[in-house]
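> Spelled out from the first residue to the last, the chains are:
2 protein chains.
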Amino acid sequence: SPTRTLPKTPDRSDAFVLPPPQIKRRQDGVFLAAWPRRGATAAVGVFVMGGSRDESPEQAGAAHALEHMLFKGTARRDARAIAEAIDQLGGGVDAWTSRERIALHAHVPWPDWQAALALLEELAYAPSFPAQEWAREREVIFAEMAMVADDFSEWAHDAHMQMSFPDAFGAPILGREATLARLSSEDLAAFHAQMFTAPNVLIAAVGPELAALEAALSADAPSSGSPRAHEAPAFAPGVHTAPRRVQQVAILLTILLPVRPWREELVDAVLGAALGGGASAWLFRRIREERGLAYSVHAQWTRWDAAAAAEIEVFTEAEKAKPCAEALREALATLPEALDEATVRLAKRQIEVGIWMAMERPMRLLDRLADAFVAEIPAPGAVLGALRAIEPQAVRARAEAWLEAPRAITVAGHPRGVREAARVLARL
Amino acid sequence: SPTRTLPKTPDRSDAFVLPPPQIKRRQDGVFLAAWPRRGATAAVGVFVMGGSRDESPEQAGAAHALEHMLFKGTARRDARAIAEAIDQLGGGVDAWTSRERIALHAHVPWPDWQAALALLEELAYAPSFPAQEWAREREVIFAEMAMVADDFSEWAHDAHMQMSFPDAFGAPILGREATLARLSSEDLAAFHAQMFTAPNVLIAAVGPELAALEAALSADAPSSGSPRAHEAPAFAPGVHTAPRRVQQVAILLTILLPVRPWREELVDAVLGAALGGGASAWLFRRIREERGLAYSVHAQWTRWDAAAAAEIEVFTEAEKAKPCAEALREALATLPEALDEATVRLAKRQIEVGIWMAMERPMRLLDRLADAFVAEIPAPGAVLGALRAIEPQAVRARAEAWLEAPRAITVAGHPRGVREAARVLARL
Numbered sequence: 011s012p013t014r015t016l017p018k019t020p021d022r023s024d025a026f027v028l029p030p031p032q033i034k035r036r037q038d039g040v041f042l043a044a045w046p047r048r049g050a051t052a053a054v055g056v057f058v059m060g061g062s063r064d065e066s067p068e069q070a071g072a073a074h075a076l077e078h079m080l081f082k083g084t085a086r087r088d089a090r091a092i093a094e095a096i097d098q099l100g101g102g103v104d105a106w107t108s109r110e111r112i113a114l115h116a117h118v119p120w121p122d123w124q125a126a127l128a129l130l131e132e133l134a135y136a137p138s139f140p141a142q143e144w145a146r147e148r149e150v151i152f153a154e155m156a157m158v159a160d161d162f163s164e165w166a167h168d169a170h171m172q173m174s175f176p177d178a179f180g181a182p183i184l185g186r187e188a189t190l191a192r193l194s195s196e197d198l199a200a201f202h203a204q205m206f207t208a209p210n211v212l213i214a215a216v217g218p219e220l221a222a223l224e225a226a227l228s229a230d231a232p233s234s235g236s237p238r239a240h241e242a243p244a245f246a247p248g249v250h251t252a253p254r255r256v257q258q259v260a261i262l263l264t265i266l267l268p269v270r271p272w273r274e275e276l277v278d279a280v281l282g283a284a285l286g287g288g289a290s291a292w293l294f295r296r297i298r299e300e301r302g303l304a305y306s307v308h309a310q311w312t313r314w315d316a317a318a319a320a321e322i323e324v325f326t327e328a329e330k331a332k333p334c335a336e337a338l339r340e341a342l343a344t345l346p347e348a349l350d351e352a353t354v355r356l357a358k359r360q361i362e363v364g365i366w367m368a369m370e371r372p373m374r375l376l377d378r379l380a381d382a383f384v385a386e387i388p389a390p391g392a393v394l395g396a397l398r399a400i401e402p403q404a405v406r407a408r409a410e411a412w413l414e415a416p417r418a419i420t421v422a423g424h425p426r427g428v429r430e431a432a433r434v435l436a437r438l
Numbered sequence: 011s012p013t014r015t016l017p018k019t020p021d022r023s024d025a026f027v028l029p030p031p032q033i034k035r036r037q038d039g040v041f042l043a044a045w046p047r048r049g050a051t052a053a054v055g056v057f058v059m060g061g062s063r064d065e066s067p068e069q070a071g072a073a074h075a076l077e078h079m080l081f082k083g084t085a086r087r088d089a090r091a092i093a094e095a096i097d098q099l100g101g102g103v104d105a106w107t108s109r110e111r112i113a114l115h116a117h118v119p120w121p122d123w124q125a126a127l128a129l130l131e132e133l134a135y136a137p138s139f140p141a142q143e144w145a146r147e148r149e150v151i152f153a154e155m156a157m158v159a160d161d162f163s164e165w166a167h168d169a170h171m172q173m174s175f176p177d178a179f180g181a182p183i184l185g186r187e188a189t190l191a192r193l194s195s196e197d198l199a200a201f202h203a204q205m206f207t208a209p210n211v212l213i214a215a216v217g218p219e220l221a222a223l224e225a226a227l228s229a230d231a232p233s234s235g236s237p238r239a240h241e242a243p244a245f246a247p248g249v250h251t252a253p254r255r256v257q258q259v260a261i262l263l264t265i266l267l268p269v270r271p272w273r274e275e276l277v278d279a280v281l282g283a284a285l286g287g288g289a290s291a292w293l294f295r296r297i298r299e300e301r302g303l304a305y306s307v308h309a310q311w312t313r314w315d316a317a318a319a320a321e322i323e324v325f326t327e328a329e330k331a332k333p334c335a336e337a338l339r340e341a342l343a344t345l346p347e348a349l350d351e352a353t354v355r356l357a358k359r360q361i362e363v364g365i366w367m368a369m370e371r372p373m374r375l376l377d378r379l380a381d382a383f384v385a386e387i388p389a390p391g392a393v394l395g396a397l398r399a400i401e402p403q404a405v406r407a408r409a410e411a412w413l414e415a416p417r418a419i420t421v422a423g424h425p426r427g428v429r430e431a432a433r434v435l436a437r438l
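Going down the list, the protein sequences come from chains A and B. Counting from 11, one number per residue, gives the positions in the first sequence under this note's numbering. Counting from 11, one number per residue, gives the positions in the second sequence under this note's numbering.
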């Protein structure tokens with residue numbers, strides 16, 4: 011079998027820096043985004059600007075249900091034929107629903123990217139919503155809900171989002187049994203028509219050039235409509251509690267931040283890494299490495315369409331909940347002083363290496379393209395350059411801003427541990 | 011910033027097929043394994059032939075505890091300095107412990123692979139086991155245990171392994187609190203000396219050639235010893251139950267199989283995919299797609315050192331447990347007939363595309379190299395060729411063999427659902 015000849019070992023990774031993504035808006039409003047990259051595989055996706063936060067209360071769970079039903083029948087294929095088409099592509103076709111997006115995606119061997127794209131277009135534009143399939147698929151979603159309910163980590167995150175974001179943004183993406191039971195397949199078809207309109211659709215590819223992507227698209231197109239925009243979600247600062255009969259206590263903390271230009275947000279990303287991204291990160295060190303108070307300690311900066319957040323999560327045992335909360339409180343209070351030159355340098359390395367890793371991960375690059383609805387997607391080379399230029403004082407200034415910003419805390423799990431930790435965190 | 015010029019779009023993926031791995035045994039018995047691959051990143055690892063199954067009852071949990079302690083101090087660095095060295099490499103340095111291996115690994119930008127390898131060698135050969143660090147780290151492991159206990163899926167898998175494999179092979183990898191509480195840092199140092207001997211160490215790299223890997227190794231080497239071998243684990247066929255206060259019922263089924271040459275095992279892998287690997291797989295179709303009886307339905311073929319297994323798992327709600335168990339029973343009984351030409355062709359595609367995907371995933375290739383202790387690791391091109399040659403009747407013959415082989419079933423979760431499903435599966 012043919013094997014490639016390995017070129018001379020590279021002594022600089024720079025030879026592998028990807029070019030900038032190519033993005034355009036087609037006449038009908040559809041976004042096209044391509045990230046040219048040569049490899050054994052390629053990835054394609056169809057993204058919708060809109061997700062669970064765009065549901066009315068009666069539609070709760072409709073975006074996620076719609077995502078499931080896209081695989082249950084089209085104008086040309088029934089569910090079985092769709093499943094076979096997916097497996098013929100190797101099985102790497104899937105979908106997800108978030109608060110702000112619905113996504114269909116495929117990761118396939120390079121020669122199959124056009125076939126994968128054609129399948130995704132058919133699923134996205136021509137779903138048939140058979141009533142009998144919906145009756146069955148709703149049961150599958152009920153089983154999925156039971157799975158989330160039985161998973162303490164997922165359950166705690168859901169509780170935190172609901173209490174911190176009191177409107178549709180914070181509601182569970184899966185919806186609720188009672189609401190889903192009332193949704194008909196016609197309701198889902200109507201929701202599809204509302205969501206999949208041309209200016210709210212983005213077709214993305216990692217592998218081919220934009221011109222090749224455009225040439226590969228079918229004649230089909232979504233119906234017209236007006237572009238959707240998301241506002242910053244309503245936020246409920248404070249300390250919330252969610253007791254449950256488990257061994258652990260979860261402390262989940264969200265600091266709400268405004269969106270900013272990408273160069274400034276890169277500083278937030280570095281701060282997130284310095285706070286809780288790696289083995290030497292401040293929270294990890296203070297809570298786990300120096301005190302042994304938790305197994306899972308993590309922090310990161312996250313961005314939604316119209317808001318950003320610093321997110322901290324700590325999972326510990328009930329007996330350690332109080333000292334753990336105290337250590338967290340102390341670590342946050344002293345964060346700006348902790349950001350010395352060495353700490354910031356290591357945090358920058360985390361972000362830099364994450365960029366290198368992503369360049370070998372077509373699916374990560376594809377998801378990044380879904381941001382094109384709302385933000386500029388800079389070239390990896392430009393990000394690497396901006397990252398190198400970040401100074402410790404800029405990161406410290408952001409830390410001060412984080413500590414001034416509104417924050418919501420949820421303490422979930424073992425009832426006594428929750429009470430003790432919540433009391434400590436009320437004085438954060 | 012520099013960007014590479016994209017070569018002409020490949021119309022065949024064959025240009026990307028990796029060469030065979032390069033494997034040799036050094037004079038002192040250490041295995042060296044390299045999978046040359048050019049990319050933005052590289053991966054290196056140190057693997058030990060031995061894991062939790064090699065613990066005595068008093069050592070239960072020692073392999074996993076040892077893995078944690080490798081990061082807590084060496085002859086040259088304390089825990090803090092190790093954490094900083096890891097983050098300086100971008101944070102992609104980690105470790106895992108399984109029933110049959112202890113692994114240290116690093117995924118780093120290409121230019122850092124030698125530095126990463128030097129760090130892994132230091133962690134593997136020169137740990138210092140500070141008593142105070144162990145006192146703290148033990149608490150971290152207790153918190154990790156609470157996390158596993160609160161996760162129904164992990165808990166159910168642990169229960170299934172313990173009841174299906176009654177000796178050390180099936181015991182929980184994390185060990186038990188009582189045993190860990192009695193283990194001292196000296197015990198861990200002794201366990202390290204017992205495990206990390208030259209003929210039981212494998213140093214692997216994905217990226218550089220074998221000669222470059224060998225040249226990059228430090229003068230340090232593990233102490234001598236004799237090669238460890240694993241026997242097929244003791245197996246307890248039958249239907250086991252594990253009730254617990256949750257909403258779901260998990261059905262976990264293991265069919266124990268002998269190890270065979272890789273070309274024959276490839277047929278097992280195809281059968282695993284046909285049974286439960288993809289959207290059109292037999293179990294997925296019969297249980298989820300046609301009946302809506304579960305959200306999570308999965309099957310695969312797995313290989314350990316001296317045994318292999320077909321593993322099936324289904325998670326459903328308590329109310330659906332009985333019909334779900336009936337559907338599983340019916341689907342297994344009719345498996346051989348289900349394996350028509352189209353089904354086998356789609357299953358082969360799953361495996362084939364998995365091979366393509368792995369060629370872009372340095373960490374997956376690295377883990378594959380850890381099999382070099384016990385098995386030949388064929389070139390991807392040879393595997394692709396052998397795969398194409400597999401005929402449906404060979405897969406059907408394996409299905410007959412699977413149905414004749416000993417099997418252990420665990421039904422876990424919601425008590426009433428468990429009773430009902432176990433009654434059905436007793437007549438499997």
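Be aware that a few hints might be false.
Which copy is meant is left open, because identical chains are indistinguishable; a pair holds if it fits in one copy or across any two.
[Said to hold, decoys possible] With a Cα cut of at most 20 Å, we get these calculated SDA-like pairs of lysine to any residue:
#, residue 1, residue 2
1, Lys34, Val269
2, Lys34, Glu362
3, Lys34, Trp106
4, Lys34, Leu190
5, Lys34, Ser228
6, Lys34, Ala225
7, Lys332, Ala221
8, Lys34, Gly235
9, Lys332, Gly49
10, Lys332, Ala226
11, Lys34, Leu227
12, Lys332, Ala415
13, Lys34, Asp177
14, Lys332, Arg146
15, Lys332, Ile151
16, Lys34, Glu219
17, Lys332, Met155
18, Lys332, Arg273
19, Lys34, Ala222
Bear in mind the hints are in silico, worked out from the structure with no lab data behind them.
> For every hint, state whether the structure bears it out.
Going down the list of hints, with the structure as the test:
no.	hint	result
1	Lys34 x Val269	neither (23 Å within a copy, 53 Å between copies)
2	Lys34 x Glu362	neither (27 Å within a copy, 34 Å between copies)
3	Lys34 x Trp106	neither (24 Å within a copy, 44 Å between copies)
4	Lys34 x Leu190	neither (37 Å within a copy, 59 Å between copies)
5	Lys34 x Ser228	within (17 Å within a copy, 52 Å between copies)
6	Lys34 x Ala225	within (14 Å within a copy, 49 Å between copies)
7	Lys332 x Ala221	neither (58 Å within a copy, 53 Å between copies)
8	Lys34 x Gly235	within (18 Å within a copy, 63 Å between copies)
9	Lys332 x Gly49	neither (50 Å within a copy, 47 Å between copies)
10	Lys332 x Ala226	neither (58 Å within a copy, 47 Å between copies)
11	Lys34 x Leu227	within (14 Å within a copy, 49 Å between copies)
12	Lys332 x Ala415	neither (24 Å within a copy, 51 Å between copies)
13	Lys34 x Asp177	neither (33 Å within a copy, 61 Å between copies)
14	Lys332 x Arg146	between (46 Å within a copy, 17 Å between copies)
15	Lys332 x Ile151	between (37 Å within a copy, 18 Å between copies)
16	Lys34 x Glu219	within (12 Å within a copy, 42 Å between copies)
17	Lys332 x Met155	between (31 Å within a copy, 19 Å between copies)
18	Lys332 x Arg273	neither (38 Å within a copy, 56 Å between copies)
19	Lys34 x Ala222	within (13 Å within a copy, 45 Å between copies)
Comparing the model with each numbered hint stated earlier shows that hints 1, 2, 3, 4, 7, 9, 10, 12, 13 and 18 do not hold.
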